[in-house]
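Kindly generate the complete structure, drawing on both the sequences and the hints.
Read off the chains here:
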Amino acid sequence: MIKAVGGWLDTRLGLAKFARKAMDHVFPDHWSFLFGEIALYAFVILVITGAYLAMFFNGSSAQIVYHGSYHALDGVKMTAAYRSALLLSFDVPAGLLVRQMHHWAALIFLVAILAHAARIFFTGAYRRPREINWLIGLTLLVLAIVNGYLGYSIIGDLLSGVGLRIGYAIALSVPVIGPWLTYTVLGGNIPSASTIPRFYSFHIFLVPALIAALLALHLAIIWRQTHTNFPGPRRTDRTIVGSRLYPTYAAKSVALFFLVAAVVAMLGGLVQIDPIWTYGPFNPIAVIPGAQPDWYLGWIEGAMRLFPGINLHFGRWLIVPEVFFPAVLMPALLFLLLYAYPFLERLFLPADKAHNVLVLPYEQPFNSAFGSAVLMFLLVLLVAGADDVVAVATGASVVTIRFLLRILVFAAPAATAALVYAICVAMRRRRAVSQVLEPLEITPSQTVERQP
Amino acid sequence: MEGEQWSQQKPEEADDALAESASAGGTEQAADGDEEKPAGGVLAIALMVSMLGLQFLKRLVTKPAMEKRRPAIAAQPCPCEEAKQTAPTTPELESETLEIDTDAEVARRRKWGTPLVLLAFAVGMAGGVGFMFLYWTGSGNRLLGGTLALCLGGFGAVLVLYAQWMMRRELVVAPREQMPSSGDEREGALQVYSSGVRDVQRRSLLKWMGAGAGAIFAAITFSLLRSLARVHPAEALFTTVWKRGERLMTTGGKALTVDSLHVGSSMIVFPETSIGSEQTQTVLIRVDPRLLQLPKDRSNWAPMGYVAYSRVCTHAGCAVGMFEAHSNLLLCPCHQSTFDVLRGAVPTGGPAARPLPQLPLYVDKNGNLCAQGGFSSPPGPGFTGMPS
Chain A
5 MIKAVGGWLD
15 TRLGLAKFAR
25 KAMDHVFPDH
35 WSFLFGEIAL
45 YAFVILVITG
55 AYLAMFFNGS
65 SAQIVYHGSY
75 HALDGVKMTA
85 AYRSALLLSF
95 DVPAGLLVRQ
105 MHHWAALIFL
115 VAILAHAARI
125 FFTGAYRRPR
135 EINWLIGLTL
145 LVLAIVNGYL
155 GYSIIGDLLS
165 GVGLRIGYAI
175 ALSVPVIGPW
185 LTYTVLGGNI
195 PSASTIPRFY
205 SFHIFLVPAL
215 IAALLALHLA
225 IIWRQTHTNF
235 PGPRRTDRTI
245 VGSRLYPTYA
255 AKSVALFFLV
265 AAVVAMLGGL
275 VQIDPIWTYG
285 PFNPIAVIPG
295 AQPDWYLGWI
305 EGAMRLFPGI
315 NLHFGRWLIV
325 PEVFFPAVLM
335 PALLFLLLYA
345 YPFLERLFLP
355 ADKAHNVLVL
365 PYEQPFNSAF
375 GSAVLMFLLV
385 LLVAGADDVV
395 AVATGASVVT
405 IRFLLRILVF
415 AAPAATAALV
425 YAICVAMRRR
435 RAVSQVLEPL
445 EITPSQTVER
455 QP
Chain B
21 MEGEQWSQQK
31 PEEADDALAE
41 SASAGGTEQA
51 ADGDEEKPAG
61 GVLAIALMVS
71 MLGLQFLKRL
81 VTKPAMEKRR
91 PAIAAQPCPC
101 EEAKQTAPTT
111 PELESETLEI
121 DTDAEVARRR
131 KWGTPLVLLA
141 FAVGMAGGVG
151 FMFLYWTGSG
161 NRLLGGTLAL
171 CLGGFGAVLV
181 LYAQWMMRRE
191 LVVAPREQMP
201 SSGDEREGAL
211 QVYSSGVRDV
221 QRRSLLKWMG
231 AGAGAIFAAI
241 TFSLLRSLAR
251 VHPAEALFTT
261 VWKRGERLMT
271 TGGKALTVDS
281 LHVGSSMIVF
291 PETSIGSEQT
301 QTVLIRVDPR
311 LLQLPKDRSN
321 WAPMGYVAYS
331 RVCTHAGCAV
341 GMFEAHSNLL
351 LCPCHQSTFD
361 VLRGAVPTGG
371 PAARPLPQLP
381 LYVDKNGNLC
391 AQGGFSSPPG
401 PGFTGMPS
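Protein sequences, first through last, are from chains A and B. Under this note's numbering, think of the first position of the first sequence as 5, with each following residue one higher. Under this note's numbering, think of the first position of the second sequence as 21, with each following residue one higher.
For the record, the hints were derived by calculation from the structure and aren't laboratory data. Model, not experiment: these values are computed from the prediction. Keep in mind that the hints are not guaranteed to be accurate.
As a list, the in silico DMTMM-like pairs of lysine to aspartate or glutamate whose alpha-carbon atoms are at most 25 Å apart [what the hints assert, rightly or not]: (1) A:Lys357 <-> B:Asp308; (2) B:Lys385 <-> B:Glu292; (3) B:Lys316 <-> B:Glu255; (4) A:Lys25 <-> B:Asp121; (5) A:Lys357 <-> B:Asp384; (6) B:Lys131 <-> B:Asp121; (7) A:Lys25 <-> B:Glu205; (8) A:Lys21 <-> B:Asp360; (9) A:Lys21 <-> B:Glu197; (10) B:Lys274 <-> B:Glu255; (11) B:Lys263 <-> B:Asp384; (12) A:Lys81 <-> A:Asp95; (13) A:Lys7 <-> A:Asp28; (14) A:Lys81 <-> B:Glu292; (15) B:Lys316 <-> B:Asp384; (16) B:Lys385 <-> B:Asp317; (17) A:Lys25 <-> B:Glu197; (18) A:Lys357 <-> A:Asp241; (19) B:Lys263 <-> B:Asp204; (20) A:Lys25 <-> B:Asp317; (21) B:Lys263 <-> B:Asp279; (22) A:Lys25 <-> A:Glu41; (23) A:Lys21 <-> B:Glu116; (24) B:Lys274 <-> B:Glu197; (25) B:Lys263 <-> B:Glu292; (26) A:Lys357 <-> A:Glu367; (27) B:Lys385 <-> B:Asp308; (28) A:Lys25 <-> A:Asp14; (29) A:Lys357 <-> B:Glu207; (30) A:Lys357 <-> B:Asp204; (31) B:Lys385 <-> B:Asp219; (32) A:Lys25 <-> A:Glu367.
This is the structure:
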């Protein structure tokens, strides 16, 4: 059977040569290499569940009256989009399950991308020759965040409406081009009839297509360059150690897909997420105290809360609104810094050679300190994004909490960087000392590394 | 010598491989518990953490078994030699296969692996059958999700167990293809490129035509994009429906009179023609007129202590939905900006930088509250060119 089909294909495509090489492709075995795979499989699950949801969802802003099995909203006027989201949640068998799986898969997608990026950063895997994949990976992170935002904005409940309204203010705040940019994308002022249909088309077509294309490129490049290896015996810049794609690695990888899907199904079934019926349809005059975006946008929300009311004027004309600095400039600078990091680093590191063996975090104190500081910065901002909730929980006033967070947002990353730097240096020294003191205890890695 | 080093390394390698799939398998258990949405991120991170924890546990559990096996492999003269015989590699790939498992080990594992695999498969099938039954009997979300998870998890476990128990574990060293081409290859590519360029006549003409085509495509794209803005921003951003003589209406469409509010109370009001609209929503508050400290040019904007402000936050455009009567502050629930009602709604706290636009009021001859004109500045979040 394989012989017949394979032969047919080989006659036309010369497949055997590629298949022979592909099945022998070596993949390193390390748990931290799974984050990227989890992200990939979360994306596959997003596409499958999303395609199913699209069969029922109606991305339209047309106002209609809801009559359905959720009686609390019976007779309420709402967008067709919100009505279809309610229908698929209450009246389509397993519709709610698929919708919650979709949302959970999105969160797992983003967590996995973040964990993957952190692993890449802290082990120096972004260095030559893998800078291109670092750039593509960061772009995928941005696209995933954007698509998450688009996804919960199109539902049309009050929570998504508030998010949409803040997004509008952020886009409008861009100096000079802001108003035209906003009106070009949204079609008009919020709530514009064009917004939901456009966001729906971005969410299910434009952004996923970009993600899929970049993902394919990302995988093709890592296939071409092969993976990095953690340091160990026989692992050099010219060799790769691990198991071959076929059959073990392939079996494990397909297993991982099933297991990620199982976790998503379990979460989608048992753990409620985004109960869209709670607040009712978007209403421009209604407000929700204590509302937060999904966590992957919480850091921008936090920055908007912490940034003081400073804007740039020219006479009585506003030039740069206050929202621009925390919500556009800060994220832009942060990502610019991350994009540029491999190239900035080159200015300070001497030799430019291929890095195929990873560097352990403690062996590069500056790198580790910088990465932890960035993560701590984001964490403080994430907490700040829910400072009103923190205030209620702790009994302190929002003013006090905000004052503390304004200090912490700079102090905590600085302290983290210093601490991580010190720990790395200490670990490196301890390791060096132990190597000096025990010269006779030769570990396998040392002997092998000396081989030509 | 080399083989011996490898044999010492191997148990760890196998451990990693074992633990890797175990960690993936373990994530299911971590999923339970949390019920609230904001905890989603935390939960997902907890998933990752628990994966690490489980991998550590698995390592603890599997280590003794692996150590028992170690001498057996180390006793062999050179496992890689044997590996070359069982799984020969082609010379052009120059990779070395370093088997971990002897045939005896594979056979031993198979004995235990078979029932385990069958058990996992049974769980998967049971989950699938359960899902089908629950689906067609119209069951709820939780059971559907649980059974689907069992089904997918069972099949995932089958594959993990297969990879770990029913396949020969191996470790391979392969050479990496070095990315840079040789100097000759680069030269060759450049030469082909240059000779191709030389073969093209009138290259500058081609460049000019390319630039022209690019420009016209850019213009077309720009035109198409221009149509996406259905409303001219300037029109929408600068105008509201409020004008002189417009009565203040409730959300229910009732005109308000001078007796409508007590001191210290507030109400959402609209112009008659756009009740419920985003941009024109206004908050009407009655305060003690003696407390008012409005700017001089606004002294006649607040008849009998009635003040009206745009209800759209100047920071990020949320509805400024809360009024605290004892402190006379308006509060935006999105980012906690506060505005002083007595002093023309200037921001007193939070991230907002600009006051809420004020709507000048007067009382007409029927005792109705009316607008003297539009807002003191365009309502809503800021943009370049916004007058204040």
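_Check the structure against each numbered hint from earlier and tell me which ones fail, lowest number first._
Checked against the structure, the hints that fail are numbers 1, 3, 5, 8, 10, 19, 20, 24, 31 and 32, while the rest are satisfied.
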